[in-house]
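Undergrad: Each chain is listed here by its residues.
2 protein chains.
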Amino acid sequence: MSAAVTISIDAMGGDHAPDMVIDGLRMAHVRLPHVRYMLFGDQARIEPLLKRYPDLDAVCTIHHTTEAVSNDAKPGQVLRTGRRSSMWLAVDAVARGEAAGVVSAGNTGALMAVSKFVLRMLPGIDRPAIAGLFPTIKGETVMLDLGANVDCNANNLVEFAVMGEVFARAVLGLEKPTVGLLNVGSEDLKGNDAVKTAAATLRDSGLPIRFHGFVEGNDICAGTVDVVVTDGFTGNIALKTAEGTVRLYATCLKEGFKNSLLAKIGYLFARHALHKVKVRTDPRRYNGAMFLGLNGIAVKSHGGTDAFGFANAVGTAVDLVAHGYNDRIRREVEHLHAAESQTTRLAAGNL
Amino acid sequence: MSAAVTISIDAMGGDHAPDMVIDGLRMAHVRLPHVRYMLFGDQARIEPLLKRYPDLDAVCTIHHTTEAVSNDAKPGQVLRTGRRSSMWLAVDAVARGEAAGVVSAGNTGALMAVSKFVLRMLPGIDRPAIAGLFPTIKGETVMLDLGANVDCNANNLVEFAVMGEVFARAVLGLEKPTVGLLNVGSEDLKGNDAVKTAAATLRDSGLPIRFHGFVEGNDICAGTVDVVVTDGFTGNIALKTAEGTVRLYATCLKEGFKNSLLAKIGYLFARHALHKVKVRTDPRRYNGAMFLGLNGIAVKSHGGTDAFGFANAVGTAVDLVAHGYNDRIRREVEHLHAAESQTTRLAAGNL
Chain U
1 MSAAVTISID
11 AMGGDHAPDM
21 VIDGLRMAHV
31 RLPHVRYMLF
41 GDQARIEPLL
51 KRYPDLDAVC
61 TIHHTTEAVS
71 NDAKPGQVLR
81 TGRRSSMWLA
91 VDAVARGEAA
101 GVVSAGNTGA
111 LMAVSKFVLR
121 MLPGIDRPAI
131 AGLFPTIKGE
141 TVMLDLGANV
151 DCNANNLVEF
161 AVMGEVFARA
171 VLGLEKPTVG
181 LLNVGSEDLK
191 GNDAVKTAAA
201 TLRDSGLPIR
211 FHGFVEGNDI
221 CAGTVDVVVT
231 DGFTGNIALK
241 TAEGTVRLYA
251 TCLKEGFKNS
261 LLAKIGYLFA
271 RHALHKVKVR
281 TDPRRYNGAM
291 FLGLNGIAVK
301 SHGGTDAFGF
311 ANAVGTAVDL
321 VAHGYNDRIR
331 REVEHLHAAE
341 SQTTRLAAGN
351 L
Chain A
1 MSAAVTISID
11 AMGGDHAPDM
21 VIDGLRMAHV
31 RLPHVRYMLF
41 GDQARIEPLL
51 KRYPDLDAVC
61 TIHHTTEAVS
71 NDAKPGQVLR
81 TGRRSSMWLA
91 VDAVARGEAA
101 GVVSAGNTGA
111 LMAVSKFVLR
121 MLPGIDRPAI
131 AGLFPTIKGE
141 TVMLDLGANV
151 DCNANNLVEF
161 AVMGEVFARA
171 VLGLEKPTVG
181 LLNVGSEDLK
191 GNDAVKTAAA
201 TLRDSGLPIR
211 FHGFVEGNDI
221 CAGTVDVVVT
231 DGFTGNIALK
241 TAEGTVRLYA
251 TCLKEGFKNS
261 LLAKIGYLFA
271 RHALHKVKVR
281 TDPRRYNGAM
291 FLGLNGIAVK
301 SHGGTDAFGF
311 ANAVGTAVDL
321 VAHGYNDRIR
331 REVEHLHAAE
341 SQTTRLAAGN
351 L
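So the protein sequences, as listed, match chains U and A. Just so we're aligned, residue 1 is where the first sequence starts under full-length UniProt numbering, counting upward by one. Just so we're aligned, residue 1 is where the second sequence starts under full-length UniProt numbering, counting upward by one.
Everything labelled a hint here was simulated from the structure, so no lab data went into it. Here a beta-carbon is modelled for each residue, glycine too, at the ideal position from N, C-alpha and C. Mixed in with the good hints, there may be bad ones.
[Stated by the list, open to error] Computed spacing ranges between beta-carbons, pair by pair:
hint, chain 1, residue 1, chain 2, residue 2, range
1, U, 77, A, 153, 26 to 36 Å
2, U, 126, A, 126, 48 to 58 Å
3, A, 247, U, 19, 36 to 46 Å
4, U, 84, A, 275, 54 to 64 Å
5, U, 98, A, 275, 36 to 46 Å
6, U, 203, A, 153, 28 to 38 Å
7, U, 70, A, 140, 48 to 58 Å
8, U, 330, A, 308, 50 to 60 Å
9, U, 58, A, 196, 43 to 53 Å
10, U, 265, A, 76, 37 to 47 Å
11, A, 140, U, 268, 29 to 39 Å
12, U, 203, A, 275, 42 to 52 Å
[Said to hold, decoys possible] Not the full set, but computed from the structure, chain A residues with beta-carbon under 10 Å of chain U:
hint, residue
13, 47
14, 113
15, 120
16, 147
17, 187
18, 191
19, 192
20, 212
21, 213
22, 233
23, 244
24, 270
This is chain U alone, in the form it adopts within the complex:
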C-alpha cells in the first residue's frame, strides 16, 4: 500500500465540479497521502482552487482542456466528438499507463462508452458490469450489474458472478464469499431462462465459487449473500428503489419528530443515536460504482455527490488498484474458460 499510485481525475464531471472534485481530493489526500493525481479540465478554474491547499497541490498535475462532457450528452455523440473532453483524456491516461485508475462524477452512459472504447474489455469477458456496495444488516454486500446492460444472457450473469466474487475477495477481504443470483423466488423452477441457465452453470461447472443459489429482493439488505448477481435492468431498479425507500423512511421520521413538542424533546436526547443510523445508511459512504470487466480501473462517482462522496469514490479506485483486482480477474476468467471447455469435452464424451 505504500507504493505511489497515480489516479486520473475527470475534474469537470459532476453537478458541482470542479469545486466539489478538489474538495473531495483534499479529503482523500488526508486518508491516502501516497496517492498522486492527474487532473483533467479547465486549468483557469482548477488552479486557483488547488492553490488553496499546498499539500494537495504537491501531489497533483493539471492537464488542461476546455472541453467537458455535459450531463445530457448521448454516449454515441461523446464517442464521435468527445476526444478532447476532460472525461476522455482522464480515461486515456489509464490506457496509456500513466494512471492506474480513473474517477469521474460525470455522465454515466458516456463514461461507460468511453471506458469500453478506450480501455477495451479484459480478455475473456464479454460485457462490463457496474458494481456497487449495499449496506446490509450484517455489513455490506456487493451487487452487480447496476445498469451497464439492460439485456443479459446466462453467460453474462456467470461472468458477473466471477467478477463480483473476485471483488469480494480482493477488495472486501472475504476468504470465501457467497454468491447469489437475484430472482423472484428461491425455488429452482422460478424465474426466466437466463437466471435458470446461469444457476445451472454456477452449480455444475466446477467453478471455485461458493454459489448460494437464488436470492430475492429482501435478501439484498438482509445480507444473505456477499455478492448479488443480476442483469442491469433489474439491478438498476433495485438500487434506486432502495434509495427511494430510505428517503421515504427518513422523511416520515423527520416529519414525526417535528410533529409534537414531546417528539422534539425526544429528538434532542436521541439525536446522537439517530445520527449514527443516518451515517450507516448514508448513500455517500457507498459512493463509487465500479466498472468491472474493463482492461483498466474506472470508478463512477454519483453525479450529485459532494466532496465526501467523491473522496470515497477515489478510495474505491485506490482499493481496486492496491488489491490488483484486474490481475485476479484475468486469472479467474482463465479458470472459468478452462472449466467451460472441460464441461464441453465431458458433455461431448457422453454423447
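Could you slot chain A onto chain U? The hints should help.
TA: Frame of chain U, contents of chain A only:
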C-alpha cells in the same frame, strides 16, 4: 355500499390458518358489517373458532373439506390434484356466482394458477397481473405486475397500464391518475425493447390514459405517478427490495435507540411519533395483492400475515367488488382494442 356482498374465504391458507383467518374476519366484520363470508376448510377446526364470535358466526357459512394446498405445492400439481382443496373450492364459489370475490393467504403460485384456470381471463386481456399498493411520500401508488409474469412483452405492459389506471380510478378514487413505465432512466432512448415499444403505444395510441413516461426505481416511493407499470420479474424484486430496505432501516433505528441511556430517554419522549412512522410504513396496511385481469375478483393475502393484515386483504376484495372494478376493466379493454384497430387502419391507410 350497503348491499350485501359475499366473499369466499380459503380458511386453510396462510402460515397461521385457520386461527389467523377467523381473527382477521372478526376485525373485517367490525369495519364491514354488511359483508357475508363462505368459509372453505376443515369444519372441525373452523367451527369452534367461529363459535367464540356469534356476531361473525351469523354472517358465515362453513363449507367443509379436509384438503388444503401446502405452501410448497407446485402450481401444476395443484391443478391436477387440488380440486377438493379449500383454495380451489373458494375460487370456484366466485366462478359459480355464489361469491363476489375470493381471499386466500395460501400459496401464491397455486392461487394464481387455480384462479386463471377456474375464473378464466377477462375478454381481451392476455395475462393477469398482480397489483399492490406502495406507501409514498405523497400517499400511495399502485404497482403492477408484482410477480405473475416473469417475461412480458410490450402488449402485456400496455394491458397492465390499462388495468392499473382503472384500479386507481375505481378503487383509489383518483379522477385522472398518472401512469409511468418503470425503466432504468427517464430518457426515451433507455431501456429494453418491451418498455420502449410499450411507451410508444401508450403515448401514441389515443388511449384515455395520462401517460407520464418512464419512471425510475426511486420514483416509486417518491409518488411521482399514481400507477407504476413493470414486468413481474422487476416488480417482484422492487417490492421485496423495498421491504428489505424498510427492515434494515428499522433494525438500525432500534439498535440506535438501545445503544445509550440518552437514546433510551429520547425514545420515551418520541415513541408516539415513532409509532406513527411505523404505522405509515407498516407492510400489513398494504396487504392484499390484487389479481387483476381475471373474470372474477381474487385477492392474495401475505402468507405470513396476521389477523390485521388479513382483514385489510378482505377490505381490498370488498373495495374491488363495490367499485365494479371488473365491469370498468371490460369497458376500457374495449376502448383499447378499438383504439388499436383504428391505429392499424390509419397505418394501413398511410401505406
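Undergrad: If you take the shortest Cβ to Cβ gap from residue 120 of chain A to chain U, is it below 10 Å?
TA: violated (24 Å)
Undergrad: Just to be careful: measuring from the Cβ of residue 233 of chain A to every Cβ in chain U, is the smallest value less than 10 Å?
TA: holds (6 Å)
Undergrad: Closer than 10 Å between Cβ atoms is the bar; does residue 270 of chain A clear it against chain U? Give me holds or violated.
TA: This hint holds: residue 270 of chain A lies near chain U, its Cβ roughly 3 Å from the closest one there, short of 10 Å.
Undergrad: Between residue 77 of chain U and residue 153 of chain A, is the Cβ distance one that fits in 26 to 36 Å?
TA: Holds, since residue 77 of chain U and residue 153 of chain A (Cβ atoms, about 30 Å apart) stay within the stated range.
Undergrad: Between the beta carbons of residue 98 of chain U and residue 275 of chain A, is the distance compatible with 36 to 46 Å?
TA: violated (58 Å)
Undergrad: Using the nearest Cβ pair, does residue 212 of chain A come within less than 10 Å of chain U?
TA: Violated, because the Cβ-Cβ distance from residue 212 of chain A to chain U comes to roughly 16 Å (cut-off 10 Å).
Undergrad: Does the Cβ pair residue 330 of chain U, residue 308 of chain A satisfy 50 to 60 Å?
TA: Since the Cβ atoms of residue 330 of chain U and residue 308 of chain A sit about 55 Å apart, the hinted range of 50 to 60 Å holds.
Undergrad: Indicate whether the distance between the beta carbons of residue 140 of chain A and residue 268 of chain U respects the range 29 to 39 Å.
TA: Holds, since residue 140 of chain A and residue 268 of chain U (Cβ atoms, about 32 Å apart) stay within the stated range.
Undergrad: Given a hint of 37 to 47 Å, does the C-beta separation of residue 265 of chain U and residue 76 of chain A actually sit inside it?
TA: About 59 Å separates the Cβ atoms of residue 265 of chain U and residue 76 of chain A, which means 37 to 47 Å is violated.
Undergrad: Okay, residue 203 of chain U versus residue 275 of chain A on CB: inside 42 to 52 Å?
TA: At roughly 46 Å between Cβ atoms, residue 275 of chain A and residue 203 of chain U fall inside 42 to 52 Å, so the hint holds.
Undergrad: Quick one, is the residue 147 of chain A hint okay against chain U at 10 Å, beta carbons?
TA: holds (5 Å)
Undergrad: Assuming the hint says 36 to 46 Å, is it satisfied by the Cβ distance from residue 247 of chain A to residue 19 of chain U or not?
TA: holds (38 Å)
Going through the hint list in order, the structure does not satisfy hints 2, 5, 7, 10, 13, 14, 15, 20 and 21.
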